[in-house]
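*Asks:* Sequence:
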Amino acid sequence: MPAVSIICIYLNGERFLGEAIDSVLAQDRGDWELLLVDDGSTDRSAALARFYAADDRRIRCLAHPGGGNRGMSAARNLGLAHAQAPWIAFIDADDRWRPGKLEAQLAIVEAEPRIALLAGTVNYWGSWEGRADVLTPTGHRHDCLVPPPEAALALYPLGAAGAPCPSDVLVRRDALAEVGGFEDQFTGSFEDCAAFGKIFATLPVWFSSEVWLDYRIHADSSVAGMIGGGHYPARRRFFLRWYRDWLRRNDVPVVARAVRRRLVRDRLRPATYRHTAIGRLALWLRGILRR
Numbered sequence: 028m029p030a031v032s033i034i035c036i037y038l039n040g041e042r043f044l045g046e047a048i049d050s051v052l053a054q055d056r057g058d059w060e061l062l063l064v065d066d067g068s069t070d071r072s073a074a075l076a077r078f079y080a081a082d083d084r085r086i087r088c089l090a091h092p093g094g095g096n097r098g099m100s101a102a103r104n105l106g107l108a109h110a111q112a113p114w115i116a117f118i119d120a121d122d123r124w125r126p127g128k129l130e131a132q133l134a135i136v137e138a139e140p141r142i143a144l145l146a147g148t149v150n151y152w153g154s155w156e157g158r159a160d161v162l163t164p165t166g167h168r169h170d171c172l173v174p175p176p177e178a179a180l181a182l183y184p185l186g187a188a189g190a191p192c193p194s195d196v197l198v199r200r201d202a203l204a205e206v207g208g209f210e211d212q213f214t215g216s217f218e219d220c221a222a223f224g225k226i227f228a229t230l231p232v233w234f235s236s237e238v239w240l241d242y243r244i245h246a247d248s249s250v251a252g253m254i255g256g257g258h259y260p261a262r263r264r265f266f267l268r269w270y271r272d273w274l275r276r277n278d279v280p281v282v283a284r285a286v287r288r289r290l291v292r293d294r295l296r297p298a299t300y301r302h303t304a305i306g307r308l309a310l311w312l313r314g315i316l317r318r
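Under the working numbering, the first residue of the sequence shown carries the number 28, and numbering increases by one thereafter.
Treat the hints with caution; some may be incorrect.
Claimed, not checked - Distance windows between CB atoms, simulated:
1) Asp-55 to Asn-277: 18 to 28 Å
2) Arg-264 to Asp-83: 42 to 52 Å
3) Val-291 to Ser-154: 39 to 49 Å
4) Asp-83 to Glu-130: 10 to 20 Å
5) Gly-93 to Leu-295: 23 to 33 Å
Hints are computed from structural coordinates only; laboratory data are not their basis. Every residue, glycine too, gets a C-beta built ideally from N, C-alpha and C.
Go ahead and model the full structure; you've got the sequences and the hints to work with.
*Replies:* Here you go:
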């Protein structure tokens, strides 16, 4: 039985997928399985995934029936349905783990068994093509257990602290199952906020000061597409309304009230997000894309 099931979803990820897989293979801990989930690729990324799987029994390839494209949440849920380990990690096809990531994260959760989700400081990685890197802490308090629903109130989009990148997260499989996994209606943005926001509101979490992830900044990423295409405000409102309703159904009134206040503030002052960590990062990324 592996200690960690790693889920890597990809859609036409041929350009960077090999580097992401290599960063998993380079980990000090080897007791993992890697589930490569094809979300309807039309390039050679599926062939690349099969190449790696043929050479390592810990790697398996998955795809939707008929090879269709169903979006990021459905792809992550497909990986979860086949995961065997008690802990789940994610790596997106354009990101790179730093050496020792799994060993360090597993040491933390083994020392503090109440943790449902763990994430660290993220390197927003521009230097891979000659730009600056930006280190961005996840969370508002570090290297300690954060009880619910504190993180839901402190992290983006309700608070100013940074939310985790999926590729950095280690999460208990039973915690994800308890909150219902990923929400299929979030196909290409805010799918991580929806899944992890449910955990922040109901379960204890841990934010580390350590850096384990290089999050690649490039014009073809899903975040860049959302920001560059001008879709950010509408998708943020859709997420907040969905989150408010989920919190009401699951009896987390203090966070539901905070979401309602955020929706009112956003309607009155649409640029409020500029003052959050993700807003500043979005503006920085937009400047890179324009240049």
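*Asks:* Next, verify each hint and record whether it holds.
*Replies:* Verification of the hints:
1. Checked against the given bound of 18 to 28 Å, the beta carbons of Asp-55 and Asn-277, roughly 38 Å apart, lie outside it.
2. Range check, Arg-264 to Asp-83: Cβ separation about 43 Å, and the 42 to 52 Å hint holds.
3. Against the hinted window of 39 to 49 Å, the Cβ-Cβ separation of Val-291 and Ser-154 comes to about 40 Å, which satisfies the hint.
4. Roughly 19 Å separates the CB atoms of Asp-83 and Glu-130, a value that falls within the hinted 10 to 20 Å.
5. Range check, Gly-93 to Leu-295: Cβ separation about 46 Å, and the 23 to 33 Å hint is violated.
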